[in-house]
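Undergrad: For reference, the chains in residue letters:
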Amino acid sequence: MSGALWRERVRRLRANPGAVVALGIIGLLVATALVGPWFSPNDIETLDWSHVAAQPGMAHAHWFGTDRLGRDLFVRTLEGARVSLAVGLVASAVSLSLGLCYGAISGYVGGRTDQLMMRLIEILSGLPLIFFVIFLTVIFGRSAYLLFFAIGAVGWLTMARIVRGQTLSVRRQEFIEAAVASGASTARIIFRHIVPNVIGSVIVYGTLTVPQIVLFESFLSFLGLGVQEPHASLGTLIAEGAGEMEAAPWILFVPGAFLAALLLCLNIFGDGLRDAFDAKER
Amino acid sequence: MFRYFLKRAGAAVPTLFIIVTLTFFLIRIAPGGPFDREQSLPPDIMANLQSAYGLDQPLWAQYARYLGALAHGDFGPSFKYKDFSVTELIGQGFPVTLELGAIALGLALGLGILIGTLAALRHNRAADYVTMALAVSGIAVPSFVVLPLLALLFGIRLHWLPVAGWEPGSIRYLVLPVIALALPPLAYIARLTRGSLLEVLRSHYIRTAIAKGLPLHIVILRHALRPALVPVAGYLAPAVASIMTGSLVVETIAGLPGVGRYLVQGALNRDYTLVMGMVILYSTVLIGMGLIVDLLYAWLDPRIRFER
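From first to last, the protein sequence lines are chains L and B. In our numbering, each number is its position in the first sequence, counted from 1, plus 1. In our numbering, each number is its position in the second sequence, counted from 1, plus 27.
The following block holds chain B by itself, in its conformation from the complex:
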C-alpha cells in the first residue's frame, strides 16, 4: 500500500504542473498589467518597473524563469504589496485560514456523523424528519447569508461574541465564521451518514451482532459505522473544496487576516505571482486531501485494494 501511495503522490506532480502552466498563461492573457493606475505612469518609469520584474522579456522566458525559481521554493515578490514576497504574505495569512478551515472541517465531520447516526437510529420518526429538514436547509442556505445573520444575532443584539475582527490566540473571533463555514458540509455529511448507515444496518452481519446480544452502541461503533463512513470519506475532498471557497467570502465578512482575500484581489490587481502562489497552495491542499481519502478508504474498507 505504501508503494501505491508513493505512486499516487508521484502522479500529483504532473497535475500540479498542468495547473501551474494553465494559470500562468491564463492570468497573463488578461488585459491590463500589475502597474496600471488611474493615472498612467511616465513611460521611462514604467519601463524600469517592467524590466525590474522581468516583464519586458518574452512570455516563455518569464515562464521558464518562474518555473526555475519555483523549483527552488521561491514564489517571487508580490507586485502589489511592495517589500513583501509571496512566501511571506502566504506565511502570515495561511495559519489563520488553516485554523479556521481545520476547525470547521472537524466540526462538520464530528457533528455531521453524530447527527446522521442519530437520525438513522430514529429512522422515520419525528427526530429523523426534523434533523433531515434542518440538513436540507443547512445545504441550501449559503454561508455568506448565514454569517451576517449570526453576527447580527450574537454580535449586535446579544453582545455575546465579536461581530468581526481578529486577535491572535483568541478563539472568540473564530466562533461565528467557523459555524458559518461548517454548516453546509455538516448538513451534507449528516445526510450521507444517515443514508449509508441505514443501508448497513439492514445487512446480515449487523443482524447477527444484535442477535448475539451486543449492546446497540457497540454494534454501531464497532461494526456498522466503519463501512458506513466510506461515502463520507469520498465526500472529504469536495468538503475541503467547499470550505476553502467559502473561506474566500467568510474571511472578508468576518475581517480575518487569512489568505482568502489574496486570490480574488490578486487576480483583480494582476498580481501575477501572488495569484500563482495562492493557486499552488490551494491545489496542493486539494490534491493532498485526495491522497488522504485514498488511505482512509483502505482503512475503512479493507476489501478495497490498490492494484490499479
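So that you can see chain L by itself, here it is in the shape it has in the complex:
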C-alpha cells in the first residue's frame, strides 16, 4: 500500500479520458438525483389532471412531461434513480463483504477447508441463482431488505474467487510470517493484514458489480417483483413506459435514457479503474 503505487494508479486513471468523462457524468447524474427534485415545483405523488400524459417541454411546469396519471416524470425519474442507486450500493456492499470474508478465510486457512469452501462455490455457481432470487422475492413478499440481500447474494461468488486468489499471493509474504511469529490470532491476521492488502481489487471489481446489480434490480422491478408502489425504481418506470409506448414514448424514454446513461458510465469507469490497477492488461 505504498503512496507511490497509488499515485501511479491515479495518474493512469486520469490519463484515460473515457473514464474521467464517465466519472464526471456519474457525479452529475447522482447529484441531479439527490438535489434535482428540490428545484422542481412538482412532487412525486401529485396528480396534475390538466396535464395528463403531457409532452416534455418548457410550456408547462413538467419539463420532462407527465405520465398517464399526470405525475411529473422529471421528479419520478429522479426518485426512481435514487431507489435504484440505493439498491445498487447496498446490495453491492452486501455482496462485496460476503465475498471478501469468504475468499479471505478460504485463501488464508487453506488445506481441506479451502477445498471444501471452493467446492461449495462451484456448486452454487452451477445453480440458476436468478430463479432463486425470483422465488425468494415472490415467497417472502417484497420487503426492501430482502431485495438488497437476495440481489447481493447472487453477486458474491465471483468476488470470493477473486479475493481468494489475491489472498493466496499475499499469504506467502514475509509480513504475514512475522505476524504469525509474533503470535497474532488467525482472525486478526485475516482482518488486519490480509483484508487491507486485497481491498484494491475488491474495490475495482465492486465498481463493476454496481451496474450489474442496478441492472438486475430494474429487471426484477420490470417483472413486477422489485420495488412496489408508491415507490418506483427506474425499472418500474420503464415497465410503465413500455406499456404507453405508442401514445407517449417519452414515458419510456426519460427513465430509459437515465438508466442507460448511468449503466454505461458505471461500466466505462469500472473498466478504466481496472486498467489503472492492473497494468499488465494494457
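No lab work stands behind these hints, which were simulated from the structure alone. Treat the hints with care, as some may be off.
[What the hints assert, rightly or not] Derived CB-CB ranges, DEER-like:
no.: 1; chain 1: L; residue 1: Gly244; chain 2: B; residue 2: Pro265; range: 28 to 34 Å
no.: 2; chain 1: L; residue 1: Gly28; chain 2: B; residue 2: Ala238; range: 36 to 42 Å
no.: 3; chain 1: L; residue 1: Arg12; chain 2: B; residue 2: Leu188; range: 48 to 54 Å
no.: 4; chain 1: L; residue 1: Leu90; chain 2: B; residue 2: Pro195; range: 45 to 51 Å
no.: 5; chain 1: L; residue 1: Ser186; chain 2: B; residue 2: Met73; range: 24 to 30 Å
no.: 6; chain 1: B; residue 1: Arg152; chain 2: L; residue 2: Gly184; range: 48 to 54 Å
no.: 7; chain 1: B; residue 1: Leu241; chain 2: L; residue 2: Gly244; range: 38 to 44 Å
no.: 8; chain 1: L; residue 1: Arg193; chain 2: B; residue 2: Leu241; range: 55 to 61 Å
no.: 9; chain 1: B; residue 1: Leu68; chain 2: L; residue 2: Gly28; range: 55 to 61 Å
no.: 10; chain 1: L; residue 1: Ala188; chain 2: B; residue 2: His150; range: 43 to 49 Å
no.: 11; chain 1: L; residue 1: Arg12; chain 2: B; residue 2: Ile183; range: 46 to 52 Å
[As the list claims (entries may be wrong)] Not the full set, but computed from the structure, chain L residues with beta-carbon under 8 Å of chain B:
no.: 12; residue: Pro38
no.: 13; residue: Ser41
no.: 14; residue: Ile204
no.: 15; residue: Thr208
no.: 16; residue: Leu209
no.: 17; residue: Pro212
no.: 18; residue: Ala261
no.: 19; residue: Leu264
no.: 20; residue: Ile269
Using N, Cα and C, we set each Cβ at its ideal position, and we do this for glycine too.
Place chain B on chain L using the hints.
TA: Same frame as chain L, but now just chain B:
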C-alpha cells in the same frame, strides 16, 4: 474423452436433484396456495380440491409422490391452467422460446466473433475504438429498454416490422426480440474475442506463420482464431443464462407465446408443478450447456486434458 463426458453427465444428476429438492420445498414454504382467490372458496370445495391434487397429504409424502412421477417423466397437472398438464404447456411454448434463444445465441456468437476479430486487426485505430465503445453500450443497455425502442422505431414510426405478436412460421415477429436478446451477449463476446485475439496475435507461432508468407485471413482462420476462442467458449454458459433470463421479459414485451411467462406467473400463482417444470427445464438446458462447453474446450485447445 468419451468416458470423461459420461462422468460429467453423471455428475449432473445429483446437481439436478439438489435443484429439484430446493425448489420443491422453497415454493411450498411460501404463504398462500394455488387455490387462493379474492373470495375464499367454501371449505368443503377447498378440501375436495386439496385432496384431488394431493395437497392434504404431509409434505414429505407429496415430495416422494412428485419424485416418483418425475422418474416416469410425468411433470403433473398444472394447478392454474386447468385441463393442461405441465408437459403440454411446456411442449407448446418451448419451441418458440428455443427458436428465439437459439437464433439470438447464433447471432451473438457469429457477429460477436466477427466484430471482435475486425477490432483486433484494427487495434488502436478508429474502427477499434468505435466498435469497442458500441460494445460497452451493448453490455450496458438492458434488453427491456432496447426492445421497446426498436419497436417504436421500426414498428410504429417506420412500419417495417410488427410491434408485437406471433404467427407460426413467420420470422418477421422474431426479428426485433432476437436483436434485443442478442445485443448484450454479442457485445460481450466481441470484447472477449478482441482481447484474447490480441494476445494470441503477439505469440511466436503467429509471427512464424506471417513470416513464411501466409495470407492474413489464413493466419487468422487457421492459426489464431481457434486458441483465441477459448475464453468465448467459457462465456457460453453465462451467455445462455443471460439469454434465458432476458427472454423472460422480452417474450412478455413482444407478446410471444413462449415459456418465459410461466416462471414468474407460475411462482406468483403458486402453480407448484408448473414452476417445478420450468426450473427443471431451465436447469437442464444450463447444465447441458456446461457439458457442451467442456467438449468445445477440448476441441479448441487439445492441450486441455480430462484427467481430473
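Undergrad: Now look at each hint and say whether the structure bears it out.
TA: Against the structure, the hints come out as follows:
Distance hint check: the CB atoms of glycine 244 (chain L) and proline 265 (chain B) are about 30 Å apart, consistent with the given range 28 to 34 Å. Taking 36 to 42 Å as the suggested C-beta distance range, the pair glycine 28 (chain L) and alanine 238 (chain B) does not conform, at roughly 50 Å. Roughly 49 Å separates the CB atoms of arginine 12 (chain L) and leucine 188 (chain B), a value that falls within the hinted 48 to 54 Å. For the hinted restraint 45 to 51 Å between leucine 90 (chain L) and proline 195 (chain B), the CB-CB distance of approximately 46 Å keeps it satisfied.
Taken as a hint, the range 24 to 30 Å is violated for the pair serine 186 (chain L) and methionine 73 (chain B), whose Cβ atoms sit roughly 59 Å apart. Judged by the Cβ atoms, the range 48 to 54 Å given for arginine 152 (chain B) and glycine 184 (chain L) is violated: they are separated by roughly 59 Å. Between leucine 241 (chain B) and glycine 244 (chain L) the beta carbon distance is about 56 Å. The supplied range of 38 to 44 Å is therefore violated. At about 57 Å, the beta-carbon gap between arginine 193 (chain L) and leucine 241 (chain B) stays in the expected band of 55 to 61 Å.
Separation of leucine 68 (chain B) from glycine 28 (chain L) is about 56 Å and conforms to the stated range, judged on CB atoms against 55 to 61 Å. Range check, alanine 188 (chain L) to histidine 150 (chain B): Cβ separation about 48 Å, and the 43 to 49 Å hint holds. Between arginine 12 (chain L) and isoleucine 183 (chain B) the CB atoms are about 49 Å apart, so this pair conforms to the stated range of 46 to 52 Å. Given the 8 Å rule on beta carbons, the hint for proline 38 (chain L) is violated: about 23 Å separates it from the nearest Cβ of chain B.
Using the Cβ-Cβ criterion of 8 Å, the hint placing serine 41 (chain L) at the interface with chain B is not satisfied: the shortest such distance is roughly 24 Å. The interface hint given for isoleucine 204 (chain L) is broken, as the beta carbon of that residue sits about 20 Å from the closest beta carbon of chain B, more than 8 Å. For the restraint placing threonine 208 (chain L) at the interface with chain B, the shortest Cβ-Cβ distance is roughly 13 Å, beyond the 8 Å limit, so the hint is violated. The criterion of a C-beta within 8 Å of any C-beta in chain B is not met by leucine 209 (chain L), whose closest approach is roughly 11 Å, and the hint is violated.
Below 8 Å, beta-carbon pairs count as interface contacts, and proline 212 (chain L) has one with chain B at about 7 Å; its hint therefore holds. Annotation: interface hint on alanine 261 (chain L) holds; nearest CB of chain B at approximately 5 Å, less than 8 Å. Interface restraint check for leucine 264 (chain L): the shortest CB-CB distance to chain B comes to about 4 Å, inside 8 Å, so the restraint holds. The criterion of a C-beta within 8 Å of any C-beta in chain B is met by isoleucine 269 (chain L), whose closest approach is roughly 6 Å, and the hint holds.
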